[in-house]
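Going down the list, the sequences are from chains W and B.
Here the first sequence stands for residues 0 to 323, where the numbers follow numbering that gives the first Met the number 0.
Here the second sequence stands for residues 0 to 345, where the numbers follow numbering that gives the first Met the number 0.
If you're looking for bench data, these hints aren't it; they were derived computationally from the structure.
Please note that a few of the clues may not be correct.
[As the list claims (entries may be wrong)] Below 27 Å or equal to it, Euclidean Cα-Cα: the simulated BS3-like pairs (lysine-lysine) are:
#1 60/B / 89/B
#2 84/W / 129/W
#3 82/B / 8/B
#4 298/B / 138/W
#5 201/B / 76/B
#6 76/B / 40/B
#7 333/B / 262/W
#8 201/B / 270/W
#9 84/W / 124/W
#10 124/W / 143/W
#11 124/W / 138/W
#12 270/W / 135/B
#13 70/W / 84/W
#14 40/B / 262/W
#15 262/W / 201/B
#16 60/B / 201/B
#17 82/B / 40/B
#18 8/B / 60/B
The model shown is predicted, which means the values in this text are computed figures rather than measured ones.
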Amino acid sequence: MLLEVRDLHVEFKTRDGVAKAVNGVDYSVDEGETLAVLGESGSGKSVTAQAVMGILDSPPGRIAGGEILFKGEDLLKMKEERRRKIRGAEMAMIFQDALSSLNPVLSVGAQLGEMYEVHRGMSRKDSRAKAVELMDRVKIPAAKERVGDYPHQFSGGMRQRIMIAMALALEPSLIIADEPTTALDVTVQAQVMDLLAELQRELNMGLILITHDLGVVADVADKIAVMYAGRIVEAAPVHEIYRAPAHPYTRGLLDSIPRLDQKGQELYAIKGLPPNLLAIPPGCAFNPRCPMARAVCRTDVPPLAPVSEERTSACFFWKECLHG
Amino acid sequence: MAESLLEVKDLVKHYPLTQGVVLRKLIGSVKAVDGVSFSLKAGETLGIVGESGCGKSTVAKMLVNLERPTSGVISYKGEDITKLSGRALKAVRRNIQMVFQDPYTSLNPRMTVGDIIGEPYEIHPEVAPRGDRRRKVQDLLDVVGLNPEYINRYPHQFSGGQRQRIGIARGLALRPEIIVADEPVSALDVSVQAQVINLLEKLQDEFDLSYVFIAHDLSIVRHISDRVGVMYLGRIVETGTDTQIYEHPTHPYTQALLSAVPVPDPGARAHRERIILSGDVPSPANPPSGCRFRTRCWKAESRCASEVPLLAVPAVFPTGPAAHPSACHFAAEKQVVPPPPEDSGR
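Here chain B stands alone, though its shape is the one from the complex (with noise of 0.2 Å):
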């Protein structure tokens, strides 16, 4: 098996929540992440999906060092990042890098594209010494697919798909071997998310990178995944290969959440079985006792207010497809997604 290049464990994030201005007294947190562990391999997509409020780019935060951990580990190759600082810091920061959601907002409109992209030698000049930096920031304007003589434009003259490009550029600029993505196409047309998807799927292949993909669209996240993990209020309910969740789901948040993905085939319409749900996702800073889940779950007992599911292999699938690790007392195998159509004619 290859060695993980990124290991989370029990990772936490408690955002306190306070009360009064001058005596600000602390009257509970909003526990945005909740015990979270992942790995990550080398050359591998690991893709994040859950609904809002669900702590997925809570995760993406701390993975880049944005946020601080209120407890748990991230190590990278080994070594704890949580717990770095300084020049040590920043040279794991290198080799972790961000692609930012809205393409509008995450570039500096007074800079010019040059500029934006570059910046990232400003703080490693290592990487590029000056004079070489202009053409650097060329070669990868031409490796995502931008003309290299735009250089000198400001982000106003470029598209969305266009700016999402110049974000990936920024991200690539430190040749990094982990890229984490949050949500980096659903503020774009169609027409152009495939364009992104294929240009990030293209450079993973060049330059060897890991990605941890973060995204609300499930079919999005299949494309693109090797492994997917699903987040619900703050946890990973179940995680597998991009198979073993979509084909053969054991939690039932996993089975609702697929089933209620609008599928482009109205002849589907007919014989998909949908599960609606009830309700909304309960409050992170109040969360339900014991399984999170439980308030919208149709399968809920008693056991499950009191005892937390542990994320792990259901003891009833030993083996096959559905042995996969899945955080619910009551997993079972259920298909929802239908098998692919026989006609694929067009």
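One chain only, chain W, in its complex shape (with noise of 0.2 Å):
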């Protein structure tokens, strides 16, 4: 396995308490397979995408416990130094805001060409002819000609292919995107989930997608993981959990979004707003907006237990909302 999250918890201590973002939570990825992570604002889909990377403003934050695994070698257990060889070299994160995550005083080709006189060594000159590879590589047009060009200079899809070259420069093995192409335009979104699609089945990298788009996922993920109040509720196939979820949450979302192909009647919303991560309700998070939920539900924390070989749910009554 590339990489295996294990009962990882992090926590923000906050004027108002200790605000518990990710409560266990457990992934895997392998080389050329695409999770999905999927989850609204403050599921802890990102927060624990940044303990993965690295990168957790800490303090405030904190990894409470668990393990992070990453070719078999514990990456919290990790001396700094090395885990910072491995950071960009063998696992490397795409961000949602190319224009906030690139330098606006640094031309782009100085950027890309960065990563390889840090990691490799190379001289300046060198670099820089690696960055115009790698442009090219991400269908920039005319790369030779704009590796001078500064960020602000590029129309967002651009930025965010530079992004996307800056992450696979070093050719890593696992790809991190948080919200990839949430802040482009559709028809411009689908150029650049193409092309990360591509480039991860010529590298065969893993590849995590954060979002919370259930269109985007879809299109490209393997599997999902469904994020709620930072807990897994429910981790299935991707085929399997858009025929018939098998968490509450799940089915609620699915039925919540408009289709282009249906012209539908009243939508189905969820009620009740998303928990506070400093009170998170005792029992199910989910049980106060849940429609099928009962006395155990407010008292239990239901397990992530399997439902089938590949699929597991943390609801009790994972029966009932796979049939009803």
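Make the complex out of the two chains shown on their own, each in a separate frame, by following the hints.
The following block contains the structure:
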């Protein structure tokens, strides 16, 4: 297994108390595989990724427990020096907002080339040539002429390509993409997702795609982990989850999106609001919003239990959900 | 046919581009909206879709008179509101209200919810006498699904979805006939989006509202709209009923836009034909000659560069579902949205 996250806990100290952002997350990705982590804001999907990358803001953030195994080695027990070598070279991240993730006062060529200078000890001239090569690879037209341009001179889609190029520079085995296309228009989003999927196939990388968009997930993912209030509530191969969700939250999400191919009636809406992480409800965190909740849901935390060989669900009544 | 409530004709908004500080020289203009026409009937929802920079938000601002058009006519019940000022304008504005995209920046953080929703009454005191306002505001809170006791709270005490409800309550305060909603749900989480859309539909029935619903999310627009206009670079390229646009699109841009929308159905992955457009939207300061879409269009020929295609029903489709206005010289039908799945077992 390329990456295995086991029972990860992350908390943030705030003025009002401890916010439990991640409460025991397990997931794994293999080479050439795409895992989509789906969740709303505050579900802990990005914080988990930041912990894997080792870029968690700490303080106030703190990893309160768990293991992150990368090629069998626990990243959390590793010396920072070794971790820094892995970060960027072995695993890389693509962020949502390319404009604020790129340095506005350095040309894109310099930023791409820096990867080779720092990690590979290349000369400025050689690294610049590599930068052009990378820009070609992510299909930026006229790469040679544009290598000296600054981030603001590129369009949103082109900037996201530069982010992808930067992540790919050292041919990592794992890429984490945090809402890579959310800021882009649909036609550009399709271009960028296609590029990402193509490069992943070519390089046989593991990809963790963090998103809130059920449509994007259906288009590219192999398997899905749905997060709610810092826990995975359902994990399954992509086909199964869309056909028959085994958790009421997943079902609610699928039912609440309007569809392009149907002019539905009233939309199903999950009632209420996502929980406050400072005061997660006892029992199942979803119980105040759940149409199926019973007494046991308010007292006991449902474990993430197997539904079938490849599926798990953290609902006591997954059977009802699956068949109802 | 029902009387049009709002009739927009050849609406144009050009923003001047200047150079120099002292002697500001005009060096060109950004053609944000360049000849847009549509109509809105009573009780109807008109959806306007397009990518960023296509001018959809500028159209919205002109409809509520936050921007003055460079030229063109916006007639509300037969009266051109772009020419109005003073008292007459104020009266018209009462009937056309707006709901903004970002519920975090469109509410004043220093005002209580009661003051925010009641502020329209300061400007239009004839709608609610002073003593009656508090009760009216509480009624409005109730109508949009918020607890009327929250009247003294501040915006930061609410979540994004609740704030958008406050914005909607403010839009409703003057009992307008038309609400212009500019991306009202795009800043919200998926589970909350559905709540707000359902609320908008409920209010439409209850208060007999007409909506101009502007969004980039094609699925949401289909869900809520009776008619849809697709915009590209300052112009409407295709318009029709939701079925005409989504199931029988004839403009290549509409087809590309629809095919690019990710469909939440992994089974559709294999047999969906995707049209991936090359390149980006050109700058509205220097739009392509002729058809503005031609630089990204796979059908473009020399005629497209010289001749501006008119928004009209294509001659090749005199009848049938494809017979709706489409601004393309080579309009042709193409099904890009897969037909609804057979098993709706879920």
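Hints and how they fare:
1. 60/B / 89/B: 16 Å, holds
2. 84/W / 129/W: Judged against 27 Å, a Cα distance of about 20 Å means the pair holds.
3. 82/B / 8/B: Satisfied, since the Cα-Cα distance of roughly 14 Å is no more than 27 Å.
4. 298/B / 138/W: It holds: about 22 Å lies between the C-alpha atoms, which stays within 27 Å.
5. 201/B / 76/B: 25 Å, holds
6. 76/B / 40/B: Roughly 10 Å between the alpha carbons, so the hint for residue 76/B and residue 40/B holds.
7. 333/B / 262/W: 19 Å, holds
8. 201/B / 270/W: Holds, at roughly 16 Å.
9. 84/W / 124/W: Given pair residue 84/W, residue 124/W holds - Cα atoms ~23 Å apart, limit 27 Å.
10. 124/W / 143/W: 13 Å, holds
11. 124/W / 138/W: Within the cut-off at roughly 22 Å; holds.
12. 270/W / 135/B: 26 Å, holds
13. 70/W / 84/W: 14 Å, holds
14. 40/B / 262/W: 20 Å, holds
15. 262/W / 201/B: 16 Å, holds
16. 60/B / 201/B: Satisfied, since the Cα-Cα distance of roughly 25 Å is no more than 27 Å.
17. 82/B / 40/B: 22 Å, holds
18. 8/B / 60/B: 15 Å, holds
In this structure, none of the earlier numbered hints is contradicted; all agree with it.
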